[in-house]
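Protein chains: 2
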Amino acid sequence: MTAAPAYRRLSVEERRSQLLTAALGLFAHHPPEEVSLDDVAEAAGVSRPLVYRYFPGGKQQLYEAALRSAADELQHCFDEPHEGPLLPRLSRALDRYLAFVDEHGTGFSALLQGGSVVETSRTTAIVDGVRRAAADHILSHLEVPHPGPRLRMTIRMWITAVEAASLIWLDEGKQPPADELRDWLVEQFVAALEVTARRDGQTKALVRALVADL
Amino acid sequence: MTAAPAYRRLSVEERRSQLLTAALGLFAHHPPEEVSLDDVAEAAGVSRPLVYRYFPGGKQQLYEAALRSAADELQHCFDEPHEGPLLPRLSRALDRYLAFVDEHGTGFSALLQGGSVVETSRTTAIVDGVRRAAADHILSHLEVPHPGPRLRMTIRMWITAVEAASLIWLDEGKQPPADELRDWLVEQFVAALEVTARRDGQTKALVRALVADL
Chain A
1 MTAAPAYRRL
11 SVEERRSQLL
21 TAALGLFAHH
31 PPEEVSLDDV
41 AEAAGVSRPL
51 VYRYFPGGKQ
61 QLYEAALRSA
71 ADELQHCFDE
81 PHEGPLLPRL
91 SRALDRYLAF
101 VDEHGTGFSA
111 LLQGGSVVET
121 SRTTAIVDGV
131 RRAAADHILS
141 HLEVPHPGPR
151 LRMTIRMWIT
161 AVEAASLIWL
171 DEGKQPPADE
181 LRDWLVEQFV
191 AALEVTARRD
201 GQTKALVRAL
211 VADL
Chain B
215 MTAAPAYRRL
225 SVEERRSQLL
235 TAALGLFAHH
245 PPEEVSLDDV
255 AEAAGVSRPL
265 VYRYFPGGKQ
275 QLYEAALRSA
285 ADELQHCFDE
295 PHEGPLLPRL
305 SRALDRYLAF
315 VDEHGTGFSA
325 LLQGGSVVET
335 SRTTAIVDGV
345 RRAAADHILS
355 HLEVPHPGPR
365 LRMTIRMWIT
375 AVEAASLIWL
385 DEGKQPPADE
395 LRDWLVEQFV
405 AALEVTARRD
415 GQTKALVRAL
425 VADL
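Line order of the protein sequences matches chains A and B.
Quick note on numbering: the working numbering labels position 68 of the first sequence as 68, and the sequence is numbered without any gaps.
Quick note on numbering: the working numbering labels position 180 of the second sequence as 394, and the sequence is numbered without any gaps.
Rather than coming from a laboratory, the hints here were simulated on the basis of the structure.
These numbers were taken from a predicted model, which means no experiment stands behind them.
All the given hints hold, so there is nothing to weed out.
Subject to a maximum C-alpha distance of 25 Å in a straight line, what follows is the list of computed SDA-like cross-link-like pairs (lysine to any residue): (1) B:Lys418 to B:Val358; (2) B:Lys273 to B:Glu287; (3) B:Lys273 to B:Leu238; (4) A:Lys204 to A:Val144; (5) B:Lys418 to A:Arg198; (6) A:Lys204 to B:Val425; (7) B:Lys273 to A:Thr124; (8) A:Lys204 to B:Ala392; (9) A:Lys174 to B:Ala405; (10) A:Lys174 to A:Pro31; (11) A:Lys174 to B:Gln416; (12) B:Lys418 to A:Trp169; (13) A:Lys59 to A:Ala71; (14) A:Lys204 to A:His137; (15) A:Lys174 to B:Gly415; (16) B:Lys388 to A:Val144; (17) B:Lys418 to B:Ala347; (18) B:Lys388 to A:Pro149; (19) A:Lys174 to B:Arg346; (20) B:Lys418 to A:Arg182; (21) B:Lys418 to B:Leu353; (22) B:Lys388 to A:Ala125; (23) B:Lys418 to B:Glu297; (24) A:Lys204 to B:Glu408; (25) A:Lys204 to A:Pro147; (26) B:Lys418 to B:Pro361; (27) B:Lys418 to A:Ala197; (28) A:Lys59 to A:Glu34; (29) B:Lys418 to A:Val211; (30) A:Lys204 to A:Ala135; (31) A:Lys174 to B:Ala339; (32) B:Lys388 to B:Asp286; (33) B:Lys418 to A:Glu194; (34) B:Lys418 to B:Leu365; (35) B:Lys273 to B:Asp286.
Construct all of the structure, not just a fragment, from the sequences and the given hints.
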C-alpha cells in the first residue's frame, strides 16, 4: 500500500488501517525496539501527533495493534473448506502460511521469537492465540470431537515444529523452496502421528483414515 | 537448599550462589514479574540491601543471572559420553532433561515461553544458546562433521518440539509418565529423520547407521 496523500480525508477506520499497515511494514523489516513513532509517521506520510491521536498508548499500543492485525491475517491462512482429502487441505493451508512468512520475513521472526523490549504477556497471548487456533483448525478438519492428550500433544508439537522450521527457513535464505518445505512438513505431520499411533488407539484410527483418504 | 543462618559468614561466591538458588526457587514457582527483590531477600534470609550489593542492577540483573545459572544446569543434561549405541545416549540425556523440567516446573515454562516483563534480547539469547548447544551435542554424537541444511533443520525442529512437549507435559499435570514421554520423543526423533532421509542422502546414511546400531 502506498501512503495516501496528506490532503485526502480518510475515515477513522481507513486512517487506522493505514497506520497499521505502515507499522507492520516497518516491524516486518526491523526489530520493534528499532522502530520509532516518527518512523511510522514518516512511512504513513502523516504527522507524529496524528499517530498519537490514534494510538495514545504510543509505541506499545501500536505494536500490539499491529501484532493483532498480523495475527488476524495469519489466522486467515487456516481458512480451508472441510471438503476433499485431508492432506491436500493441510498442504493448501501451509502454502498460504509460508506465503505469509515469506512476505513478512523479519517482522514474523521478531514476533515469534520474542526477545523484544516491547514484548509483554499480552503480546505473548496474541501469539499463543494463533497457535491454539491452528491446533483447533487441524482438529476440526480431522473430525476428532474429543481429542485425547497424546493426539493433542502431537498436533501442538507439530505446530511448534512448523514455526521453528519457518524461522530456520528465513535464516537460511528461504531454502529449500517453499513447495519442498511444505511437502516435507506434511510428511513430518503424518510421521509424528504414526509414532503416536503406536501407543494411542484414537490416533491409530486417525492415521488409518488419513492414509485411506489419499 | 535451606537458607544459611544469617550469622554464618559466607564467601562472596557462596553468597552469590545462595541468592541465585533462592531466586531460582522463586522463579520456578512464579512468573518473574511477580517476584520482587524483597521476596528473594526473604527466601534467602538476608536483607534487601545485601541482595542489591550482589546485584546492583536489581531484579533484571538477578533474573538474568538466575537464567544463566539455570541454563548452565540445563546444559549439563546434555553431557553424555560418546560411547555405546546412539539412541540410548539420547534417552539418557532426555531423562536428565525431563528431570530438570520436572524440578523447575513453572520457572521453566516462564523461561521458555517468554512474555515476561523482564524478557529482553539478552535473556532470549541465553535460551537460544541452550538450544544451539543441544543441537551441537546431538550432531557431535551423530558424528556428522558437515551437517547439511536439511539435517540441521530436522534436528532443530525436533529440539523445539521437545521444548513444546515439555511445556504441554507440565500443563497436563506431567502426563504421560516421564519414561513414556521420553520413549515417544526418541521415536519422534527417528521418525523425523526418516522423513528427511527421503530427500537427503546424508540423513539417509545416518538413519541406516542409527537403526543398525540398535
